[in-house]
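Trainee: Sequence:
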Amino acid sequence: VYPELDAVFPAKYPKRGPILKNKLFIFGNYQGTRNSTASTELQSYLPTQAMLNGDFSGYSPNGQETLCTSGSSASCPIGVVNGRPNQLLPGYSLNPIAVSVDKAAFPLGQGTTGLTYYTSPAFINSLDEGTGRLDYDVTPTQRLFLRSFITSFVQPSGDVPGNILAMNNNYNYDVSIQERYYNETLGYTWTITPSTVNVLSAFWTEMNAKNGAPADTSNGQPFCWSKYINVTELPGQCYVEGFSVSGQGFNVGYYEPSTEARTTYGFYDDLTKTLGNHTLSFGADVQHQYAREQTQYPTEPALNFSGQYTGQGLADFLLGDLTSMFQGAGEVADVAGWQPGFFVQDEYRVRPNLTLTAGLRWDPNLPPQIANGRAATFVPGEQSTVYPNAPTGLVFPGDAGVGAGLMRTTYGYWEPRVGFAWQPRELPNTAVHGGFGMFTSPMIYSDYNHTADNAPFAPTFDLQGTNTTPLDFADPWSGVAGTGGKSPFPPFASASYRPASSATFAPGISVPATIDPGFKLGMTQSWNLTVEQQLSQNMVFRIAYVGSESYHAPFILDRNPGIFANAGGRALYPAFGEILDMLSYGTANYHALQISLDRRLSHNLQFQGNFTWAKTIDLASSANVSFGTNQLGDPFDLAWSHGISSENIPLRWVDNITYTTPSLHGHNAIIRGLLGSWEISAITTAQSGYPFSVTGGFGNNQSQAQQYEDRADVVSGQPLRVRSGGKTQWLANYFNINAFRENAPGTFGTSGKNIMQGPPLDYTDAGLFKNWPFRERYNVQLRWEMFNALNQPSFAAPNAQNQISITGVNQGGTEGQITSTGAEPSRIGQMAVKVLF
Numbered sequence: 012v013y014p015e016l017d018a019v020f021p022a023k024y025p026k027r028g029p030i031l032k033n034k035l036f037i038f039g040n041y042q043g044t045r046n047s048t049a050s051t052e053l054q055s056y057l058p059t060q061a062m063l064n065g066d067f068s069g070y071s072p073n074g075q076e077t078l079c080t081s082g083s084s085a086s087c088p089i090g091v092v093n094g095r096p097n098q099l100l101p102g103y104s105l106n107p108i109a110v111s112v113d114k115a116a117f118p119l120g121q122g123t124t125g126l127t128y129y130t131s132p133a134f135i136n137s138l139d140e141g142t143g144r145l146d147y148d149v150t151p152t153q154r155l156f157l158r159s160f161i162t163s164f165v166q167p168s169g170d171v172p173g174n175i176l177a178m179n180n181n182y183n184y185d186v187s188i189q190e191r192y193y194n195e196t197l198g199y200t201w202t203i204t205p206s207t208v209n210v211l212s213a214f215w216t217e218m219n220a221k222n223g224a225p226a227d228t229s230n231g232q233p234f235c236w237s238k239y240i241n242v243t244e245l246p247g248q249c250y251v252e253g254f255s256v257s258g259q260g261f262n263v264g265y266y267e268p269s270t271e272a273r274t275t276y277g278f279y280d281d282l283t284k285t286l287g288n289h290t291l292s293f294g295a296d297v298q299h300q301y302a303r304e305q306t307q308y309p310t311e312p313a314l315n316f317s318g319q320y321t322g323q324g325l326a327d328f329l330l331g332d333l334t335s336m337f338q339g340a341g342e343v344a345d346v347a348g349w350q351p352g353f354f355v356q357d358e359y360r361v362r363p364n365l366t367l368t369a370g371l372r373w374d375p376n377l378p379p380q381i382a383n384g385r386a387a388t389f390v391p392g393e394q395s396t397v398y399p400n401a402p403t404g405l406v407f408p409g410d411a412g413v414g415a416g417l418m419r420t421t422y423g424y425w426e427p428r429v430g431f432a433w434q435p436r437e438l439p440n441t442a443v444h445g446g447f448g449m450f451t452s453p454m455i456y457s458d459y460n461h462t463a464d465n466a467p468f469a470p471t472f473d474l475q476g477t478n479t480t481p482l483d484f485a486d487p488w489s490g491v492a493g494t495g496g497k498s499p500f501p502p503f504a505s506a507s508y509r510p511a512s513s514a515t516f517a518p519g520i521s522v523p524a525t526i527d528p529g530f531k532l533g534m535t536q537s538w539n540l541t542v543e544q545q546l547s548q549n550m551v552f553r554i555a556y557v558g559s560e561s562y563h564a565p566f567i568l569d570r571n572p573g574i575f576a577n578a579g580g581r582a583l584y585p586a587f588g589e590i591l592d593m594l595s596y597g598t599a600n601y602h603a604l605q606i607s608l609d610r611r612l613s614h615n616l617q618f619q620g621n622f623t624w625a626k627t628i629d630l631a632s633s634a635n636v637s638f639g640t641n642q643l644g645d646p647f648d649l650a651w652s653h654g655i656s657s658e659n660i661p662l663r664w665v666d667n668i669t670y671t672t673p674s675l676h677g678h679n680a681i682i683r684g685l686l687g688s689w690e691i692s693a694i695t696t697a698q699s700g701y702p703f704s705v706t707g708g709f710g711n712n713q714s715q716a717q718q719y720e721d722r723a724d725v726v727s728g729q730p731l732r733v734r735s736g737g738k739t740q741w742l743a744n745y746f747n748i749n750a751f752r753e754n755a756p757g758t759f760g761t762s763g764k765n766i767m768q769g770p771p772l773d774y775t776d777a778g779l780f781k782n783w784p785f786r787e788r789y790n791v792q793l794r795w796e797m798f799n800a801l802n803q804p805s806f807a808a809p810n811a812q813n814q815i816s817i818t819g820v821n822q823g824g825t826e827g828q829i830t831s832t833g834a835e836p837s838r839i840g841q842m843a844v845k846v847l848f
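Every position in the sequence shown, counted from 1, becomes a number in the numbering used here once 11 is added.
One thing to keep in mind: the hints can contain errors.
Restraint-style ranges between C-beta atoms, simulated for each label pair [claimed, not checked]:
1) 848 - 691: 23 to 33 Å
2) 802 - 847: 28 to 38 Å
3) 727 - 365: 50 to 60 Å
4) 199 - 400: 50 to 60 Å
5) 214 - 136: 26 to 36 Å
6) 838 - 518: 57 to 67 Å
7) 157 - 347: 23 to 33 Å
8) 803 - 691: 18 to 28 Å
9) 440 - 214: 35 to 45 Å
10) 241 - 129: 27 to 37 Å
Honestly, the hints are just simulated from the structure, not real lab data. Ideal Cβ positions, reconstructed from N, Cα and C, are used throughout, including at glycine.
Work the whole structure out from these sequences, hints included.
Mentor: As C-alpha cells, then:
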C-alpha cells in the first residue's frame with residue numbers, strides 16, 4: 012500500500028496484510044473525590060457582661076495570675092496600672108468600644124471567665140479530574156495526538172453568620188476556594204526519512220484560583236470596620252483580615268478575596284538525525300508565561316490587641332487600646348514574558364563498546380514585562396528620575412540600570428553537557444558511565460507577587476503604638492506622619508492605575524519585596540561517575556559518586572535591618588522600614604555516594620535496594636521573596652548563614668521487594684483459589700532526621716534586628732551529647748542544653764547552622780494482594796495495604812529554643828525535650844476490591 016515503507020521495513024520482515032491508512036484511538040478517564048469534614052467544637056474567650064461593666068475580677072484565664080483588683084499591694088495601687096487608670100478594677104467605668112461595634116457578630120461569653128463554645132460547620136471538599144487522549148495516524152509516518160487534563164477543586168468557607176469566631180485559622184483558613192487547572196497538549200511526530208524524525212509539541216496550561224469569605228452578622232449584613240472606626244475600605248466590599256486579641260482572646264484569619272491566574276503556552280521541538288555513528292539532535296523550548304495576581308489583601312485593616320496596655324488582651328479590646336494596625340492598597344501583580352531555550356547534541360558511537368555524548372544549551376534570561384511599570388526596587392544612593400519625590404534608593408523601571416522586569420536582560424547562560432558510556436572488553440559484565448552538565452534555573456514568576464506592594468503603586472503601612480500609648484482604635488490614622496491624620500486610601504491598587512510622576516511618599520515606608528537589578532539566574536554544575544556490575548542474568552550492582560555545585564543561588568536579605576545600639580540608632584536607611592531584597596550570589600553544594608542492588612522479576616521475585624551517604628551545604632535552603640519569611644538571619648555577615656542545609660539527610664536507605672506465589676495451574680480450583688497468586692510487597696525507609704539549630708532565647712531577638720532568627724551562643728567545654736542513652740533518656744534530653752546559652756545583646760549568636768540532626772525516621776509500608784483470574788479475560792483482586800505497617804514511632808525534632816540566660820541561669824521550659832510526634836503517622840490500613848477485565 013505504501014511502497015516508500017520498504018526502506019523502513021526491510022524485506023526480511025514480511026508484511027502481514029495491508030497497512031491501514033488511518034488509525035484512531037480515543038481514551039478518557041474521570042475521577043471524583045468528595046472529602047467530608049464533620050462539624051467541630053471550638054472555643055475562645057470573649058467579654059462577659061461583667062467585663063462589659065468593667066469588672067474583670069473573675070477573669071484569670073491561665074489559672075495562675077492574680078489581677079490587680081484592690082489596693083492591698085504596693086505593686087497594685089488603687090486605680091492605676093502602668094500610670095493609667097486601672098481598667099481591671101471592679102466597678103471601674105469602662106467604655107466598651109470594641110464589643111459595641113457590633114454585638115450581632117460577637118456573642119457574649121458563656122462562663123464567668125468569658126470562655127465561649129461554638130461549632131464550626133461541616134462542609135464537603137470536591138475534587139474532580141478528567142483525562143482524555145486522542146491518537147490519530149495521519150499516515151504511517153505521521154502521527155498526531157491530543158491530550159487533555161482538567162482538574163477542579165472546590166472548598167466551601169467555614170463562616171457562620173453572627174459568629175466571626177468561626178472564621179479562625181482552622182481548615183486551611185476556612186476560606187472558600189475554587190481552583191481550575193487546564194493542561195492541553197497537541198503533539199506531532201513526523202518520520203521524515205528512516206534516519207530523520209521530528210517531534211513537535213504545542214501546549215497550553217492555565218490555573219485559576221479564587222478564594223475569600225465574607226463575615227456576616229446575625230442579621231445577614233456584612234461586617235464592615237468602616238461603619239464603626241475611621242478607616243477606608245474598598246467601596247461596597249467588607250471583609251475581616253487578621254483580627255486578633257492576644258493571650259486568652261480570639262483570632263480571626265485572613266479572608267479577603269484573592270484571585271490568581273497563571274497561563275503558559277508554547278512549543279517544544281526536537282529534530283533527530285542519524286548520520287553513520289552520529290545521532291544529532293537539535294531543538295528549542297519556547298514558552299510564554301502570564302501571571303496575574305489580584306487580591307484585596309491588605310485593603311482591610313489587620314488589627315491586633317496584644318494586652319500591652321492593661322495586661323489583658325480582652326481589656327485592651329474593650330477599651331480600644333489598639334497595639335498595631337496593618338493596612339495597604341491591595342496586591343496586584345501583572346507580569347508576562349517569554350522564556351526561550353535552544354540546544355544541540357551529538358551522540359557519537361566511537362566504538363561498539365564506547366559512546367560519547369556532547370551538547371550545548373542556551374537559555375537567555377528575558378525578564379518579564381511588568382504592567383504599567385508597577386514595581387520598585389532598591390539601589391542604595393540612587394535617586395529616581397521616574398518618581399523624583401521617592402526617597403533616595405527607591406527606584407523603578409525606567410530609572411538608570413533598572414529594566415522593565417526590574418532585573419536586567421542577560422544572555423550569557425551557555426550550558427555545556429558531556430557524557431560517556433564505556434564497557435571494557437576485558438570486563439564484559441561491567442559498564443562505566445560518567446557525565447558533566449550545567450543547568451540554569453528559570454525565573455519563577457511568583458517571585459514578582461509582592462514587587463507591586465510598594466509606594467506609590469500600593470503602599471503598605473504598619474502602624475504601632477508606643478510602649479505606653481496605644482493607637483486610637485476609633486481613629487487609628489490620627490497623628491500618623493505623612494498622612495495628614497487620615498486614611499491615605501483611596502486610591503487602591505489596580506493593574507491599570509499608574510500614579511503621576513509627582514506622587515508623594517510618606518516617611519517610613521516599607522519595601523516588602525523586590526528583586527535586585529543585578530539578579531542572575533541560578534546555575535548548577537552537576538557531575539557523576541557510575542560503575543555497574545552485572546552479577547547474574549537478573550541482578551545488577553551499581554556504585555556512583557554524584558556531586559553538584561550551585562552558584563547565583565537566590566536568597567532574601569533585609570537591606571534595612573535593625574541595629575542594636577543603646578543610643579537608639581535603629582536603621583541604615585531611616586526613610587524606610589523593612590527592605591526585603593532578593594539577591595543571587597548564594598552558593599550550595601552536594602556530594603553523595605550512592606549504592607544500589609537491583610533484581611529484575613525472576614521466579615516471581617523482584618527487589619531493589621538503594622543507599623545514599625550525602626552532605627548538602629548551602630546559604631539558604633529556600634528563597635521566594637513573595638513569602639518574606641525566610642530572609643537570612645544575620646544580614647551583615649553572609650557566612651553566618653552558610654552551613655548544613657535544612658534539606659541535608661546524611662544517610663538514607665530505601666528498599667522494596669515484591670514476591671508472587673505460584674499460580675498453581677496444575678492443581679484443582681480450590682487449591683488455586685486459596686494458595687495460588689498471592690502477592691506480597693513492602694517498601695522500607697530508614698533515614699537520618701532533619702537538621703536543626705538552637706535558637707537564641709525566649710524572645711529570639713537579642714540582636715534587636717527584624718529577622719527573629721538569632722541563634723544561641725556556644726558554651727566552651729560543654730559536649731553536645733546528641734541522642735545519647737536509650738530512647739527514654741534522649742526523649743527527655745536529646746542534647747546537652749548546657750552547651751548553649753542565650754546570645755549576647757547586639758549579636759546574632761555563635762552556634763552554627765543546623766549543627767545537630769533530629770531523630771531518625773524508620774517505617775515500612777506493606778501490601779498483601781490476592782488475585783482470582785477466571786475465564787481468561789477477568790481478574791478479581793483483593794488488596795490489603797498498610798502504611799507504617801510495623802507502627803514504628805516517628806518523633807519531631809526537640810525543642811531547640813534556648814532557655815539558658817546569658818548569666819547561666821536556666822529559665823525553665825522544655826529545651827532539649829521531644830514533646831510531639833513526627834511527620835510519619837501511626838499505622839493506617841485500607842482494604843479494597845479491584846475488578847479487571
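Trainee: For each hint, tell me whether it holds in the structure or not.
Mentor: Right, here's what the structure says about each hint:
Distance hint for residue 848 and residue 691: a CB-CB separation of about 25 Å, consistent with the stated range 23 to 33 Å. One distance hint, 28 to 38 Å for the beta-carbon pair residue 802 and residue 847, holds here, with the actual separation near 32 Å. For residue 727 and residue 365, the hinted distance range of 50 to 60 Å is satisfied, since their beta carbons lie about 57 Å from each other. One distance hint, 50 to 60 Å for the beta-carbon pair residue 199 and residue 400, holds here, with the actual separation near 55 Å.
Checked against the hint of 26 to 36 Å, the C-beta distance between residue 214 and residue 136 comes to roughly 29 Å, which is consistent with it. Checked against the hint of 57 to 67 Å, the C-beta distance between residue 838 and residue 518 comes to roughly 59 Å, which is consistent with it. Taking the beta carbon of each, residue 157 and residue 347 are about 26 Å apart, inside 23 to 33 Å as hinted. With their beta carbons about 19 Å apart, residue 803 and residue 691 fall inside the hinted range of 18 to 28 Å.
At about 43 Å, the CB distance of residue 440 to residue 214 agrees with the hint of 35 to 45 Å. For the hinted restraint 27 to 37 Å between residue 241 and residue 129, the CB-CB distance of approximately 30 Å keeps it satisfied.
The structure agrees with every numbered hint stated previously.
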